[in-house]
Amino acid sequence: MDISRQKAEQETLQRKSIGFWIYLMTDCVLFATLFAVFAVLRPGTAGGPSGADIFDLPFVLVETMVLLVSSFTVGLGLLAARYGYKRQAIAWLVVTFLLGITFLVMEISEFRHLIAEGDGWQRSAFLSSYFTLVATHGLHIAVGLLWMLVVIIRLIRFNFKHTDLGRLSLLSLFWHFLDVIWIFIFSIVYLMGSLS
Amino acid sequence: MITTVTAYFFVVNRLLPTEALIYIILILAIIQLVVQMVFFLHIGRGSRWKTLTFVFTLLVVLIIVIGTLWIMHNLDYNMMHMSPDEVHTYMEQHEGI
Chain A
1 MDISRQKAEQ
11 ETLQRKSIGF
21 WIYLMTDCVL
31 FATLFAVFAV
41 LRPGTAGGPS
51 GADIFDLPFV
61 LVETMVLLVS
71 SFTVGLGLLA
81 ARYGYKRQAI
91 AWLVVTFLLG
101 ITFLVMEISE
111 FRHLIAEGDG
121 WQRSAFLSSY
131 FTLVATHGLH
141 IAVGLLWMLV
151 VIIRLIRFNF
161 KHTDLGRLSL
171 LSLFWHFLDV
181 IWIFIFSIVY
191 LMGSLS
Chain B
1 MITTVTAYFF
11 VVNRLLPTEA
21 LIYIILILAI
31 IQLVVQMVFF
41 LHIGRGSRWK
51 TLTFVFTLLV
61 VLIIVIGTLW
71 IMHNLDYNMM
81 HMSPDEVHTY
91 MEQHEGI
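Chains as they are written, first to last, in this note's numbering: chain A, 1 to 196; chain B, 1 to 97.
No lab work stands behind these hints, which were simulated from the structure alone.
Bear in mind that the values here come from a model prediction, so they are computed numbers and not experimental data.
Even for Gly, the Cβ is constructed at its ideal location relative to N, Cα and C.
Just to be clear, a hint being listed does not mean it is correct.
Which bits of chain A does chain B cover? Going by a derived footprint, with three or more residues having C-beta under 8 Å, they are [stated by the list, open to error]: (1) 14–24; (2) 36–43; (3) 126–135; (4) 173–181.
One side of the interface only, derived from the structure: several residues of chain A facing chain B at Cβ under 10 Å [to be verified]: (5) 28; (6) 29; (7) 32; (8) 33; (9) 195.
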């Protein structure tokens, strides 16, 4: 590959990364509005349960740890890919994928539990906003997992290319971003909710 | 991760009065945000555009969250301590509606 083409590719990658970054920022605004809605509607329990009644903190702590570890492993995967260790990169991505699935399953089982107890989103304004906020994050996680699967399959099936590294770095950016959002959900929704 | 666990134990064991706990949680969350931003998302090391859009987004987010809480708290203060019937009589007596 001649140098000018390499340079052009580098530039495309940089442009893509900025575009994706701007998407992440708009996503940030989306979550900010959902947080604001949650904060406003939190006292509106309509005689139903409040956060302190329904949250199972140890369970959510484990959930949080799973997500935080997965954020770490995706970083390791990216590092491995950067140094050209394809096998290691795939292994770390698979670990991340499994952790992500675990997180999603835990979250869904929590939702199922709440709905089975009659505390679904129809119960009160508080629960509506809670489900909207947490499930929006869960939906992002699900999309991220799908994307991760595509990246893993591409890495396994095809030769490692320059563009794969770009894709992988965007994925890792997305994953870290979801992690940051979850830290705020954990702090504001669960920890503060259990105080009231 | 350490800050998450710290916040968790503060809350579970209720080491402090509720008011102080809320501040502790928020401060720990923000510390973690900064750590993540610097080490994983590489703020300030990439292009200038990234930092610029990030700061702008931070501004928008703060306006949305603080603005919403402020306005809704005001509304709450003005009205929602009363039931709808009470609001009705209040308006008849004080506003002449």
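Three or more residues of the region 14–24 of chain A near chain B by CB distance under 8 Å?
It holds: at least three residues are needed, and the region 14–24 of chain A offers 5 whose Cβ sits within less than 8 Å of chain B.
Just to make sure I understand the rule, a stretch counts as covered if three or more of its residues have a C-beta closer than 8 Å to a C-beta of the chain. Does the region 126–135 of chain A meet that for chain B?
violated (count 0)
Mind checking the CB of residue 195(A) against every CB in chain B and telling me if the closest is under 10 Å?
holds, 5 Å
Under the criterion of a CB-CB separation shorter than 10 Å, is residue 33(A) in contact with chain B as hinted?
holds, 6 Å
Between the region 173–181 of chain A and chain B, are there enough contacts, at least three residues with CB-CB distance under 8 Å, for the coverage claim to hold?
holds (count 5)
Interface hint outcome for residue 29(A) [beta carbon to chain B under 10 Å]:
holds, 6 Å
Examine the region 36–43 of chain A: at least three residues should have C-beta closer than 8 Å to a C-beta of chain B.
holds (count 4)
Can residue 28(A) be said to touch chain B, with a Cβ gap under 10 Å?
holds, 5 Å
Residue 32(A) as an interface hint toward chain B, with CB separation required under 10 Å:
OK, holds: residue 32(A) within 10 Å of chain B, min 4 Å.
In summary, the one numbered hint that this structure violates is 3.
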